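Engineer: Listed here are the chains, written in short residue letters.
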Amino acid sequence: MFWVLDYLCLLAIVVTAALTVLQRNLAASVLALSAVGVVLTASFVVLAAPDVALAEIVVGTVAMPMLYFIALGKLRTVIRDNADLGEERDRDE
Amino acid sequence: MIVVNYVAAGCVFCIGLFAVVARRDVIKIVMGLSLMEASTYLLLVSMAYRRGATAPLLSNPPSGQTQRDVVHGTVSDPVLQNFCLTAIVIGIAVTAVFLTLAVRVAQHYRSVDAADATALRG
Amino acid sequence: MTNDDGLSRGFRQEPHVQAGWHRPWLGGPLVLAVGALILVGVLALPRENAALPVIARHAMEIAVPVWGQAEVVSEIVYGSRGFDTFGETFLLLGAVAVVLTLSRPREPRSEYVGEASEGRAEQRRLDPDEPESGDERKARQAESGEESETRRIRMSVVVRVAVRTAVPLLAVASVYTAAWGYTPGGGFPAGAAAAGVVLLVYAALGHRAVRHVVRSAVVEPIELAGATVIVALGVAGIVIHGSMFANVLPLAQPLTILAGGNAQLYSGAELVEVATGLIIAIFSLLGMGRDWTIHDDDSQQVPAPQDEDQ
Amino acid sequence: MNVQALLPLPVVIPIAGAICALLLGRLHRRLPLLVGIVAMAASLGVLLVIASRVLAGHGHVITVYFSDERPFSGRALGIAFSADPFGIVVALLAAALGAVLLTCAMSELGHLGRRELGLLACLSLLMLAGVIGAALTDDLINLFVWFEVAGLASFGLTGFFLEQPTALEAAFKATVLTSIGGFVIFTGSAMLYTVTGALNLGQLQQALPDTVSHSIAVGVALVVCGYAVKAGLVPFHAWLPDAHAAGPGAVSAMFSAILVDLGVVGLVRMLICTRLVLPRLGDLLMWLGITSGVVGALMALAQDDLKRLLAWDTVSQSGIIVVGFASNNPEGIAGAVYHLANHGLFKALLFLSAGAVLHATGLGKLSELGGLWRQRRVLTAGFTVGALAISGVPPLNGYASLGLIHQGIADKPAVHLLAAIAQVLTVAALARATYLGFYRPRAQEYEHLETQHVGMRISLGSLAIGCAAFGVLPALIVPRIAAPAASFVLFTGAHAAGVTTGVTTLPDLSIPAGLPGGTDLLTSLAEVIIGILLAAAYIRWGEPRPVGWLRRLHTGSVNDYATFAVAGLVLVCVTLLA
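Chains as they are written, first to last, in numbering that gives the first Met the number 0: chain A, 0 to 92; chain B, 0 to 121; chain C, 0 to 309; chain D, 0 to 577.
Hints in this document: simulated from the structure, not taken from any laboratory. One or more of the hints may lead you astray.
[Claimed, not checked] Interface residues of chain A toward chain B, partial, derived using beta-carbon atoms under 10 Å:
| hint | residue |
| --- | --- |
| 1 | 17 |
| 2 | 39 |
| 3 | 48 |
This structure is a prediction, so every number in the text was calculated from the model and none was measured. We put the beta carbon where it would ideally sit given N, CA and C, even for glycine.
Make a model of the complete structure from these sequences and hints.
Structural biologist: This is the structure in structure tokens:
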């Protein structure tokens, strides 16, 4: 039973990691990165590491996405075309 | 077995490294490094795991065991978990610095494309 | 610098194509090779049936008798390897200082600074000079103006009420993880959670609600006070026991809140340090302006330094 | 309060200074840098007290354990600081040069904004504390933590002038490469701990089995690659010229003179641990070092920007130092330790002069400079002394240490020849820079020439005197400082024994002191003459084709630099595994 849980967590981590890299839209890949953090916490709990799980859940879901979304917000007004961010500029611009 | 954890950690490390090497988007490079970090945490905690181990906790030992049993019983390795905590602190510190730099570079070069930020070369 | 002989084929090599891949045919095989090599190394690692290293067993044995801590990982983090955490705390302080340096507003400089003029010359050459987009000009006025509309406005009443009820609970929960020395969780997760609570209040109730907490004149001294407590703890270990971070406080009865000698004080100081550090880093990143790049109406005058609260 | 208890103070004092610098920034503009200078002077004082005990007689290793931890049955949970002759030389260099460079920064950058100066002082002190901590620590993971502290502080200092787009781009590239190095070191160290169960470097050396398993080979390879990124060895070097040329003058001097030692310390620690078990690591580092020597000097010859030329020369010189350490015989290692100190001195002198030129005129390129020897005699004298010292002209300090290194690798003809070629290219690069930058007559006057600060003159003067002093008296330096350090690095037993507690003495090592004799004098002068001829030919006929290819190889994109680093990782892993 333990190993089934472990393998599920590993599969989820690898899938979300691949998703983070292959996503076109930056905001979506930030969420995928946060998903990696959450599933990593689940695997830490499974692997009997409560301390590390607490630290990882707080960083993975609060601090990391916050920093990334602030950076994205700052970038939106600076770079010329938003195609780089993977977002289409809304038509009326 | 735990080898699957090691292999998965190696895969996430390679995915992160590929993102840093092959993606031209500055924010994607930062995410690649965050993924490499995540793989180091996974590798460390997997190396710390022992078969049938409980957490290295002495406060309320599992049913029927006294503190002495836990001390000498099968527990996961607390020293590696300490290193993992250090790695998480280093990870959040480096990511904060990274993103500030990425925004400043984008403000100057007006693009998030790493191929544009190549004024220093040769 | 870009040199003028054949090397620099104009600043934009190819037409500005979407930020796609960069030589994946070269990067891919190399990364696969690294993966294979790491696989070879990792497969030879001891598996889960290996005996616990002697160091780990020693840590388990001395956790309660020597350090009075029932939580072994916290004992190692704040006790036996306290010097590692000392380096780590100042790594976080260094990261906050770097974020402050890189997101600082432009300050009046009294005399001519060679690097500044060289920098401006570089900008004219390197920065693409196309007109500012509409929303960038709005954002730029936002920074200079005091009460600007991009400053965080409050959310709907439903969210505000929900947040007002949740915040006290979350604050207590975040301090709880560090308070009971013998349960998992130490200064770092608690500090990060406390910073998360402040961010929640900022997002829901707007900047006005957290303005007093977030002012750099208030937050920075608290962080430096936390750092000073940690340095004092280390030096006390040297003065009393001759080795840094040795336990100087009397051991309370295990499994109580004061258990753990100076590890509990260390954990509390790190909580303060991490919470204020993350708040400073995130709010200075939020307040980063655009006053370092040349924009069309930037005559040589230097804008007045923004008020301290940003 | 015996000497052992003083060991952590050289790291704690600068960190306390960093806290005060942030706090006192509000009172007065120059107070933070003043606090920085006082903190570095105090740290230097404590280090001198420790060094007097460490370098007495034939050298000792003083060890202290933190948190009252005691080693038991050959393992230790606690962290150990051990002051050995090699570590104390790096720490002394960092503290002394740190104090001098902070005084220069105070005089040169004194009129920056109030908040900027507070942050500049705090970051410099954290970086210096990181280097001193890494030099003194004896624990694998603690060495990584101090590596990260120094690296993180250096990113802020690289991107300090936010007006310059190139400074921010250089800081971003440095962050990407150093972070890859950091994660790789961390994974390697954790693997070594899991296999051997030892964290202390001395105990790790004893715990490594004779037949090296794959995971130990990959672990050591990963750790070596991480520290090679910081030391600037060839496939990992691409970020170093950008980062070291971007900051203000005093900061670039701190990077090239002190921060490079961080990587060298890590490599030497791994060399000591795996000398008996992995002899291939020594040869690998020798070849990586010698390629860095040649490539760095070749690229330095072709640079137009003055500070970038000096940064490329740092890549070359740190390669030569690693060759000295990997040569595995007394002269080579003593020469490498001596050259580490000399490189710190003359590179700081060169970078200060270059920074002062940029600060005064606002121009950084050799094509725009010239004719400075009339207006700025002190700057020209400083740069010329530094160039002569690096070229190995006898009275100055490069000559003695390079002579020792060349003696050390005399038994390997190919490496010796390449080292001579690297030396000739270095002489050519520096001669070209000195002529184009200072002595060539300039057509029109400089439109803005900043006044000369007295602090700058004091710093340049003290560094020039240091270069001359280190050059004139190798008879004192080699037996008293370089020999104990070489005996520590060579005799691996001493390292493991030093780990238990207290003070252990090192075996005596006799190295022929005094200035190297006739043949070295002739080869050194020949190198200088050929170098000057090469520089003249280069100025007249411009850049030859192969140099153009090499420069086009460095495309400046952070993806390519990361690809170089990954290729280097594969190379190192394959050599150590095969």
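Engineer: Now tell me if each hint is right for this structure.
Structural biologist: Against the structure, the hints come out as follows:
For residue 17 of chain A, the shortest C-beta to C-beta distance to chain B is roughly 6 Å, which falls under 10 Å, so the interface hint holds. Against a cut-off of 10 Å between C-beta atoms, the interface hint on residue 39 of chain A holds, since the closest Cβ of chain B lies about 6 Å away. A least Cβ separation of about 5 Å between residue 48 of chain A and chain B falls short of the 10 Å threshold, and the interface hint therefore holds.
Comparing the model with each earlier hint shows no violations; every hint is respected.
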